[in-house]
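Asker: One line per chain: the protein sequences are A and B, in this order. Numbered per the numbering used here, the first sequence finishes at 112, counting up by one with no gaps. Numbered per the numbering used here, the second sequence finishes at 226, counting up by one with no gaps.
The hints are simulated quantities; they were obtained by calculation from the structure and are not laboratory data. These figures come from a predicted structure and were not determined experimentally. Don't take every hint at face value.
[Stated by the list, open to error] Restraint ranges, calculated between C-beta atoms of paired labels, are given here:
id, chain 1, residue 1, chain 2, residue 2, range
1, A, Q42, B, G175, 22 to 28 Å
2, A, R81, B, E113, 16 to 22 Å
3, B, P173, A, R81, 34 to 40 Å
4, B, K130, A, A17, 49 to 55 Å
5, A, M59, B, N140, 21 to 27 Å
6, A, A17, B, K129, 46 to 52 Å
7, A, Y32, B, N140, 19 to 25 Å
8, B, A114, A, M10, 29 to 35 Å
9, B, P120, A, Q45, 19 to 25 Å
10, A, N19, B, V126, 46 to 52 Å
11, A, K69, B, G154, 19 to 25 Å
Note that the Cβ used here is the ideal one computed from N, Cα and C, for glycine as well.
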Amino acid sequence: DAKTTQPPSMDCAEGRAANLPCNHSTISGNEYVYWYRQIHSQGPQYIIHGLKNNETNEMASLIITEDRKSSTLILPHATLRDTAVYYCIVRVRSGNTGKLIFGQGTTLQVKP
Amino acid sequence: EAQVTQNPRYLITVTGKKLTVTCSQNMNHEYMSWYRQDPGLGLRQIYYSMNVEVTDKGDVPEGYKVSRKEKRNFPLILESPSPNQTSLYFCASSRLQTSTDTQYFGPGTRLTVL
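This is chain B alone, in the form it adopts within the complex (with noise of 0.2 Å):
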């Protein structure tokens, strides 16, 4: 089945103690991106790859970094969490040019950063 997963799913923490949110897809795609959703302020894309060791950032990059070592895998790294990166995440992978890229998303990680 095609999917994108992400782990953990749900996540506490508190404030400066780095995380790893992973997130991985079965499809061969090129591009993966991870986005952040909030509450009034809709999905905003925090960082993308187009493929292998290709990344760049997205609208809301800062205090996140990423690495895209296989196709697969797009790990997103939170150096020092700060509250108000408590979010709900969402990975996402897509073929890229192709004139039905659809879209998919993963299951999401909420993230709490006390």
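With the rest of the complex left out, here is chain A (with noise of 0.2 Å):
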């Protein structure tokens, strides 16, 4: 599986949006882009995926460059709720399909 790269840290004020960027620069053509949240502790979120094309849904938007090696996820109007971890997983679509691997994410801290 290829790896990623994300900052560590970012913030946020809150209700302008938040874009964290993710680098894959070593995916594959079957890889899938994931990204997750975790909420202090909580069981991680599922917020979007996407392949190449961009996707948006309601609580998100991911961005992919056209040569797929970067990707970047938009929150449109961040709330304080979003402080999070956020983190980019790219995934390959066979054998152990369910297997996530996590990184260390980026913090997102939504500031008021």
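Dock chain to chain to rebuild the complex, using the hints, since each chain is given by itself in its own frame.
Answerer: Structure representation (structure tokens):
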């Protein structure tokens, strides 16, 4: 599985967009980019995933570069409840398909 | 409500005393998995199961056992716990091989082995 690199921490003002970058320069053609978050030692929560097209759901948007070597998770209007550790995960869809390899993630602090 | 439940949520025990952490999901998921989370090491997979009676080792299986006799349940068994198994444990479940196989995590079990 490809490795990911994320900044260890970021701040964001409440109400502003939070843009969380992720580098996955060794990603393979059959690997998806997933984002999860973990709020204060709770179970990780799925946010969004994508292969090569940009994706949007009710929680966030995922922008994947054309070469797929990096992506950005966008929380359009961050709230204090979005303060969490955000994990970018590259995941192959074969074999142990459920396995998620969590890195250190980005700690996002949303400030009032 | 779709959910993964774990019991107990908190447990303090002593070295060598067998314990079981239960995990149950109500979504009819085929795939279930156990992770442990430790400071500086992130979440690491212990065991997983792709269906009833089908289990396999993850990255850190030593000292743990699992069973999958029913689709909804996936207990984690520590036959002889040791202090290095003090950790935060998460159970997770998902469907297999669909385009949106979101993985659902339980609330966690904080285990302390003295």
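Asker: Would you mind marking each hint as holding or not holding in the structure?
Answerer: Hint check:
{"no.": "1", "hint": "Q42(A) x G175(B): 22 to 28 Å", "verdict": "holds (25 Å)"}
{"no.": "2", "hint": "R81(A) x E113(B): 16 to 22 Å", "verdict": "holds (19 Å)"}
{"no.": "3", "hint": "P173(B) x R81(A): 34 to 40 Å", "verdict": "holds (35 Å)"}
{"no.": "4", "hint": "K130(B) x A17(A): 49 to 55 Å", "verdict": "holds (50 Å)"}
{"no.": "5", "hint": "M59(A) x N140(B): 21 to 27 Å", "verdict": "holds (24 Å)"}
{"no.": "6", "hint": "A17(A) x K129(B): 46 to 52 Å", "verdict": "holds (50 Å)"}
{"no.": "7", "hint": "Y32(A) x N140(B): 19 to 25 Å", "verdict": "holds (23 Å)"}
{"no.": "8", "hint": "A114(B) x M10(A): 29 to 35 Å", "verdict": "holds (30 Å)"}
{"no.": "9", "hint": "P120(B) x Q45(A): 19 to 25 Å", "verdict": "holds (22 Å)"}
{"no.": "10", "hint": "N19(A) x V126(B): 46 to 52 Å", "verdict": "holds (48 Å)"}
{"no.": "11", "hint": "K69(A) x G154(B): 19 to 25 Å", "verdict": "holds (22 Å)"}
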